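Novice: Chains as they are written, first to last, in the numbering used here: chain A, -19 to 288; chain B, 1223 to 1536.
Quick caveat, the hints were computed from the structure, so don't treat them as lab data. Model, not experiment: these values are computed from the prediction. Ideal Cβ positions, reconstructed from N, Cα and C, are used throughout, including at glycine. Any given hint could be a false lead.
[As the list claims (entries may be wrong)] So the derived label-pair ranges between C-beta atoms look like this:
no., chain 1, residue 1, chain 2, residue 2, range
1, A, Val142, B, Thr1257, 47 to 55 Å
2, A, Lys136, B, Gly1395, 41 to 49 Å
3, A, Pro74, B, Lys1255, 57 to 65 Å
4, A, Thr62, B, Thr1499, 37 to 45 Å
5, B, Trp1254, A, Lys136, 48 to 56 Å
6, B, Lys1255, A, Lys136, 50 to 58 Å
7, A, Gly195, B, Lys1433, 27 to 35 Å
8, B, Asp1237, A, Leu93, 43 to 51 Å
9, A, Thr67, B, Tyr1427, 54 to 62 Å
10, B, Lys1265, A, Arg203, 29 to 37 Å
11, A, His6, B, Gly1395, 22 to 30 Å
12, A, Arg203, B, Thr1257, 24 to 32 Å
[What the hints assert, rightly or not] Footprint (simulated), chain A over chain B, 3 or more residues, beta carbon under 8 Å:
no., segment
13, 1347 to 1361
14, 1511 to 1524
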Amino acid sequence: MYIFKRILTMILTIWVITTLTFIIMHSIPGDPFASDADVLPEEVLENMRAKFNLDEPLPVQYVLYLKNLVQFDLGPSIQSETRDVNTLISDGFPASAILGLQSLVIALVFGLLLGIIAALNHNGMLDYAAMAFAILGISIPSFILAPLLINYFAVKWGMFPVASWGTWQHTILPSVALATAPLAIVARFMRSSMLDVMNQNYIKTADAKGLAITGIVIKHGVRNALIPVISFIGPLAAFLLTGTFVIEKIFAIPGIGKYFVDSIFNRDFPVILGTTIFFSTILIVTLFLVDISYRIVDPRIKLTSRGE
Amino acid sequence: MAEPKKDDVLFRPVDRSRFQQEKIVRPSMSQWKETTVKILRNKLAILGLGLLVIITILAIIGPHLVPFNYSDQNLSGKNLPPGPEHWFGTDSLGRDMWARTWYGARISLTIGLAAAVIDLILGLIVGGISGYMAGRGKFGDKVDGFLMRIVEILYGIPYLLVVILLLVVMKPGLWTIIIALSITGWVGMARIVRGQILQLKEQEYVAAAEKLGTPHRKIIMRHLFPNMIGIIIVNLTFTIPQAIFAESFLSFIGLGVQAPIASWGTMANDALGVILTGQWWRLFFPGFMISLTMFAFNVFGDGLQDALDPQSKE
Chain A
-19 MYIFKRILTM
-9 ILTIWVITTL
1 TFIIMHSIPG
11 DPFASDADVL
21 PEEVLENMRA
31 KFNLDEPLPV
41 QYVLYLKNLV
51 QFDLGPSIQS
61 ETRDVNTLIS
71 DGFPASAILG
81 LQSLVIALVF
91 GLLLGIIAAL
101 NHNGMLDYAA
111 MAFAILGISI
121 PSFILAPLLI
131 NYFAVKWGMF
141 PVASWGTWQH
151 TILPSVALAT
161 APLAIVARFM
171 RSSMLDVMNQ
181 NYIKTADAKG
191 LAITGIVIKH
201 GVRNALIPVI
211 SFIGPLAAFL
221 LTGTFVIEKI
231 FAIPGIGKYF
241 VDSIFNRDFP
251 VILGTTIFFS
261 TILIVTLFLV
271 DISYRIVDPR
281 IKLTSRGE
Chain B
1223 MAEPKKDDVL
1233 FRPVDRSRFQ
1243 QEKIVRPSMS
1253 QWKETTVKIL
1263 RNKLAILGLG
1273 LLVIITILAI
1283 IGPHLVPFNY
1293 SDQNLSGKNL
1303 PPGPEHWFGT
1313 DSLGRDMWAR
1323 TWYGARISLT
1333 IGLAAAVIDL
1343 ILGLIVGGIS
1353 GYMAGRGKFG
1363 DKVDGFLMRI
1373 VEILYGIPYL
1383 LVVILLLVVM
1393 KPGLWTIIIA
1403 LSITGWVGMA
1413 RIVRGQILQL
1423 KEQEYVAAAE
1433 KLGTPHRKII
1443 MRHLFPNMIG
1453 IIIVNLTFTI
1463 PQAIFAESFL
1473 SFIGLGVQAP
1483 IASWGTMAND
1493 ALGVILTGQW
1503 WRLFFPGFMI
1513 SLTMFAFNVF
1523 GDGLQDALDP
1533 QSKE
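Kindly produce the complete structure, drawing on both the sequences and the hints.
Specialist: Printed below as a string of structure tokens:
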């Protein structure tokens, strides 16, 4: 019953997002055929508008779109003549998802380790080293880091391919470039949270009972310190999985990150809506998973008054 | 009365020096005073604060220390490396990088700080209410659900679309940038605050405060927020550089500051094209200033966390 209700709410939320996006994208100036307007005769333009239902009044367009949407048809792309929005997404998503998942794993594993080590060595050398790294990681944006990585690891030392997509080696540099900033943020959150938790009475109790330090850190410390990291990586996962414009562009990766930006500049209305719905679905599901994992990590947490 | 014998186990004179240890030596301090004292004792925090003060002062007087304006072009002296005349070198239009760096500091620091303050206020209010109301009866669940759906919707609508819409309605300028950054900027903070509150409100001291009849507002302000100060500060220190970089992206699509006005983000962006030509100063100075500001905020934030955290009393 609870799950059923949540799914219903999710569908409702996606409908609100779709509607608002529809309204906003039609209230900004611009036309998908703006670049063709000078070269093509008026009749051709009218035909093209009719093909994409753009000659209909907006409420009719809206209803037509929703009709297709409930059948999971995201419609044709105006820019791409051969592929519709469903194909654009299914073609590009695997590359974006692999890249996103790898970066997420790198950011989580190394971020958590760095944060825990820093917290356990509070104000020690390791703490300072880890935090200096974290500060560098967050203050170098990916569009600067990526060219630097390519210049050294690919061009000068030849360890990895320069760009493009195909083998596993191709995924290393973009994953690292994409993971650096989230890694630094995870490390900072974890350090701060661990410092709080390691001061709690139950840690002192466990220590006084003579439990092994690794057991205390993992079972009592890390588990209770994870909440901020979970809050942070939920939305991050959605953003990473659906591709990033900058990294995919620099490394020439055939992902879907570019459609989020290009479709808006081209006023490719079906692609704008399609990518937004796709992203929102993933986002809302991850936010739901975040709420569930709060309770797994800390069973005392109550999300609803019925304790589900 | 006979002196008790030394080996009398039942009656022995009390060793008075032991009470001395339990005497309260430390005068009781107000929270404000205690925080100040703790911060002043933390050398790294003082270093961070000092750096922030220096950067702010240079942002105010820096551009006036050289005889060049941030927008003065000099095509015969372009791409000069740092030297006695141009302390930070010149860019591809012969503009003095020192003047531009410190003029840019005004824009970038204003944007960063304003975005951080707005994120903080909205994030604390929405996240605080949402987390505190969750699991508190049917009405509480509804409030939490409603606020979190708003967060989901703001995450979901394409940011770029909203920004272009803003561009249509408002003139490009500092405040437009700050509004564009704040529209969705606070949702991350709200989610993190909510997560923390969900966990902290189940702690024993909150239950105790509640049983004693402490009003909800006071529980949130006095018991919950101070215990998550570390996470809040960490999140704030990220907001500032992220806002500085986001501004350069907004400038790129025409919504940010307009040339010839400089900001650290746009200077770093402009320097990307020449990154491999050896004109290192183009990227180094704005990049270094962003990192230095980050470093200063971080170490000062760490000191603040130690000083404000009620659990870390020595």
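Novice: A separate judgement is required for each hint: does it hold in the structure or not?
Specialist: Evaluation of the provided hints:
Checked against the given bound of 47 to 55 Å, the beta carbons of valine 142 of chain A and threonine 1257 of chain B, roughly 52 Å apart, stay inside it. For lysine 136 of chain A paired with glycine 1395 of chain B, a C-beta distance near 43 Å keeps the hint of 41 to 49 Å intact. For the hinted restraint 57 to 65 Å between proline 74 of chain A and lysine 1255 of chain B, the CB-CB distance of approximately 59 Å keeps it satisfied. In this structure the hint that threonine 62 of chain A and threonine 1499 of chain B lie 37 to 45 Å apart at CB holds, the actual value being about 40 Å.
Checking the proposed 48 to 56 Å range against tryptophan 1254 of chain B and lysine 136 of chain A shows it holds: the Cβ atoms sit about 54 Å from each other. In this structure, lysine 1255 of chain B and lysine 136 of chain A meet the distance hint of 50 to 58 Å, their C-beta atoms being roughly 56 Å apart. One distance hint, 27 to 35 Å for the beta-carbon pair glycine 195 of chain A and lysine 1433 of chain B, holds here, with the actual separation near 33 Å. In this structure the supplied range 43 to 51 Å holds for aspartate 1237 of chain B paired with leucine 93 of chain A, their Cβ-Cβ distance being about 50 Å.
For threonine 67 of chain A paired with tyrosine 1427 of chain B, a C-beta distance near 56 Å keeps the hint of 54 to 62 Å intact. One distance hint, 29 to 37 Å for the beta-carbon pair lysine 1265 of chain B and arginine 203 of chain A, holds here, with the actual separation near 33 Å. Between histidine 6 of chain A and glycine 1395 of chain B the C-beta distance comes to about 26 Å, which sits within the given range of 22 to 30 Å. About 30 Å separates the C-beta atoms of arginine 203 of chain A and threonine 1257 of chain B, a value consistent with the hinted range of 24 to 32 Å.
For the segment 1347 to 1361 of chain B, the assignment as covered by chain A holds, since 5 residues bring a beta-carbon within under 8 Å of that chain's beta-carbons and 3 suffice. Counting residues of the segment 1511 to 1524 of chain B whose CB lies closer than 8 Å to any CB of chain A gives 6, which reaches the minimum of 3, so the coverage claim holds.
Checked against the numbered hints listed earlier, the structure breaks none of them; every hint is satisfied.
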